[in-house]
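Enquirer: Build the full structure now, drawing on both the sequences and the hints.
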Amino acid sequence: MKPKKRKRLSASKEVSLTPEAKLSLLTELVDQIPDVIYFKDRKGRLILVNKAHAKGTGLKADEVRGKTDFDFFPSSRARIMAKDDSYVFQTGKAIVDKIERATRVDGVDNYVTTTKIPRFDKKGNVIGLMGITRDITARVQLEQLKEEKEKILRKLQVLEEMTKMKSEFLSVVSHELNTPLIIVKEALSLVADGIAGKLTPKQKDLILKATSNLERLKRMIDDLLDMSRIEKHKLVLHYSLVNFNELLLASSDFFIKWAEEKNIHLTYQLPPRQINIFIDAERISQVISNLINNAIKFTERNGKIKVEVSILETKVRVSVIDTGIGIAEKDFPKLFRKFSQVNKDMPTRKRGVGLGLSIAKELIEKHGGEIWVESKPGQGSRFYFTLPRFYTEKALDKGVRERINSLLDKRISIYLINILIVNFNSFKRRITVKPHKLFKDLKSIIDRTLRELRRPEREKPQVILEGYQRGEWSILFPETKEGEAVGICDAFKARIDKYFSQHKVKGVFINLGIMSYFQKDQDSTTKHLLSNLHVKRISIGSEIRKHKRIEYRADIDVFFADNKRMPSQAVDISQGGMAFALERSPYDTASLSDSGLSLGLDQPLKTDATIDIVLKPMNSRKLLRIKGRVAWMRQIEENISGSTKKYYKVGVEFVKINEAKKKQIKRLLASLSAAEKKKRGGK
Amino acid sequence: MKKTKVLLVDDEADFLDVMRQRVETWDYDVISQFDPNKAIELIKEKKVDVVVVDYMMPLMDGLTFIRTVRGFDRQIPMIMFTAHPDQRAIEGTEKLSISAFIPKFSSYSDSQSALKTAIGLAEKKLGLK
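Which chain is which? The protein sequence lines are A and B, in order. Here this note's numbering is used: the first sequence runs in plain steps of one and ends on residue 683. Here this note's numbering is used: the second sequence runs in plain steps of one and ends on residue 129.
Derived by calculation from the structure, the hints in this document are not laboratory data. Possibly wrong hints are sitting among the right ones.
Claimed, not checked - As a list, the in silico PhoX-like pairs of lysine-lysine whose alpha-carbon atoms are at most 25 Å apart:
hint, chain 1, residue 1, chain 2, residue 2
1, B, Lys3, B, Lys124
2, B, Lys44, B, Lys124
3, A, Lys198, B, Lys44
4, B, Lys116, A, Lys218
5, A, Lys434, A, Lys481
6, A, Lys330, A, Lys43
7, B, Lys2, B, Lys125
8, A, Lys122, A, Lys151
9, A, Lys481, B, Lys95
Expert: What follows is the structure, encoded as structure tokens:
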């Protein structure tokens with residue numbers, strides 16, 4: 001057969017199909033289409049349906065003939081359909097794409113569009129209709145989801161704006177409130193100081209009353225401001241090196257005098273050994289103030305308050321102990337929450353805004369410390385908090401200090417990297433490299449690293465001060481950005497590490513830490529200036545640091561003095577102590593039930609209580625029994641795979657350890673760190 | 001002996017007044033000015049030795065003030081009141097040679113003595129003490 005010419009295809013030219021072929025094509029279309037297609041007569045009875053219709057009703061095409069909607073659908077729905085049919089029959093108009101909704105048995109809504117088109121005879125009378133029904137449930141659901149998403153997004157936006165506004169509102173309000181407050185404070189102070197003329201005793205008394213209430217007001221506003229900052233995650237700590245005893249003594253006179261007004265005897269018990277720790281002095285003072293304030297508030301006349309500082313292995317612990325009215329155990333969780341007022345019947349003049357303790361908790365925890373309370377109604381309260389100690393030190397070399405100060409005076413910010421060999425004398429003896437060579441080598445490493453990494457365009461020279469008799473190098477980097485200083489520090493560490501391993505010097509540890517040093521003159525200006533000094537320390541040593549804590553998850557048994565036993569889980573361990581996890585509150589005295597056995601705690605776990613711990617190490621049968629003293633406690637909330645787990649972590653310091661016990665612990669630690677290294681090496 | 005002249009610049013008239021009275025008790029000559037532009041003129045005319053300025057003023061913000069002054073005077077000590085210490089983290093303050101940042105509102109440290117110390121230090125630097 002000749003191929004048809006395709007060049008000129010006019011619209012009028014029909015594709016040549018036999019009637020049978022046409023029918024076959026049309027039938028195929030009607031039956032393959034997923035839409036339901038049907039033909040009805042004038043009485044609404046089905047004449048012809050497609051496969052999709054049959055599928056829907058479950059009946060065969062010929063079984064369906066003659067049936068009406070009332071045979072397939074609930075009468076309420078069928079009535080609506082019949083109404084539509086009548087409309088088409090009577091008006092001769094089509095209904096196109098009408099959306100109908102039907103609820104399925106399982107409650108899910110089905111959406112369809114129906115189209116009904118009238119059929120006419122040659123005279124133009126309506127003899128029936130043909131209809132197409134299309135399921136649009138999926139499409140409708142998608143649109144509904146989109147709408148919901150839009151709604152949620154809009155709500156989120158509004159919420160975000162509101163939160164932002166609330167924070168800004170708080171900031172602005174606090175700021176606005178503070179300004180006139182400052183002016184009033186200053187004006188009163190000028191009058192009180194006699195600058196505006198001599199005062200009569202009565203006048204002075206009134207001025208003092210006004211001033212002290214202004215202080216109250218200011219404290220409340222500050223608390224609100226702090227809270228808004230905390231919520232905005234904008235609370236920034238400004239660390240500096242602080243002699244802790246001095247910090248406490250700075251305000252002690254004030255508090256002792258204030259306590260005296262209620263005839264309360266306030267004493268401080270400070271450790272004889274001076275320690276310097278890296279903290280935000282103002283903020284920690286704030287916490288101490290808050291606790292002493294509360295103690296004075298809630299202790300009756302002629303009571304006693306003691307502020308005690310204990311130096312723990314890796315922390316400093318402050319206790320504020322009073323003989324006041326005490327707190328019920330059920331109120332403990334509320335204490336550190338925002339706006340909580342535990343004693344609502346307290347006279348209003350004694351109350352604040354209720355934010356103090358929650359702010360204290362934030363501040364302490366931000367420092368990496370813990371804060372907790374022990375109390376019984378009528379028996380007084382003991383508030384504790386801890387702060388981590390960063391190890392060290394003796395004073396910086398005088399030469400170094402002078403250089404630092406001269407740079408600071410010029411308001412040049414400095415990075416100080418201190419490389420220090422710990423216990424240099426014993427280190428010298430233990431290593432295989434001769435000390436003289438060690439210095440030369442270390443110095444050349446330092447020089448080389450500086451040459452390579454220090455940017456050449458730097459005009460200001462760095463200062464290197466060597467105290468090599470003590471195994472110490474101090475390198476000052478004036479006007480250096482944090483990134484560069486940290487990079488150089490890391491390079492030092494890595495190269496020194498490499499050096500020692502190259503020379504097969506065994507058992508050397510190299511550690512990066514923050515150094516604390518003692519600076520005598522810390523007036524308020526120096527405090528500002530000190531924030532321009534950043535210190536990083538690299539210590540090289542050859543002993544396992546006493547304070548290196550190793551994670552150690554194991555089952556342990558905790559025994560109390562009265563031989564009551566409590567199973568628990570160890571968290572970490574070091575030569576000096578360990579921490580374990582309690583599933584329930586340490587204050588909970590309800591009995592634990594373990595396979596029928598009831599193990600009760602007669603008394604809640606107390607700070608400084610002595611307990612016996614039995615460790616069941618994983619790799620040995622021998623049980624390790626150690627005596628310890630409870631040093632600190634903390635509530636922890638962890639998010640593990642979506643669910644929040646609450647538990648208490650308790651810190652214990654080992655006591656009364658003889659040599660044999662020490663060896664046992666050392667062995668356990670060694671095996672644990674070896675296992676740890678292996679794990680890490682394997683990664 | 002001539003008293004050191006301290007210029008106080010702040011938009012709060014009352015604050016300016018009480019601060020002036022306070023600083024005068026430290027034995028300084030105090031000029032208080034709430035118009036930053038007039039303050040700049042005074043500095044130009046070399047009528048003051050030390051400047052104390054607020055960080056936030058509607059007519060001209062503290063940093064702009066300091067930048068303007070530094071444009072023609074790199075020596076005169078400038079002390080700035082801040083809302084709270086974080087403001088120190090403003091970029092470029094190092095180049096502006098600000099002698100000290102005094103917190104304006106602080107319960108737990110004394111703005112007064114900080115200001116006194118700062119002015120004293122500035123004097124020392126100028127060789128006036």
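Enquirer: Verify the proposed pairing of Lys44(B) with Lys124(B), using a straight-line Cα cut of 25 Å.
Expert: holds, 22 Å
Enquirer: For a C-alpha distance cap of 25 Å, please report whether Lys434(A) and Lys481(A) respect it.
Expert: violated, 36 Å
Enquirer: Keeping to a limit of 25 Å between CA atoms, is the pair of Lys481(A) and Lys95(B) held or broken?
Expert: holds, 14 Å
Enquirer: Check the hint pairing Lys3(B) with Lys124(B) against an upper bound of 25 Å on the C-alpha distance.
Expert: holds, 13 Å
Enquirer: Is the straight-line distance between the alpha-carbon of Lys122(A) and that of Lys151(A) 25 Å or less?
Expert: violated, 54 Å
Enquirer: For a C-alpha distance cap of 25 Å, please report whether Lys2(B) and Lys125(B) respect it.
Expert: holds, 16 Å
Enquirer: Next pair to validate is Lys116(B) with Lys218(A); report whether the Cα-Cα distance is within 25 Å.
Expert: holds, 22 Å
Enquirer: Regarding the pair Lys198(A) and Lys44(B), is the alpha-carbon distance no greater than 25 Å?
Expert: Violated. Lys198(A) to Lys44(B) sits at ~40 Å, over the 25 Å cutoff.
Enquirer: Lys330(A) and Lys43(A): Cα distance at most 25 Å?
Expert: violated, 78 Å
The structure is inconsistent with the numbered hints 3, 5, 6 and 8, although it conforms to all the rest.
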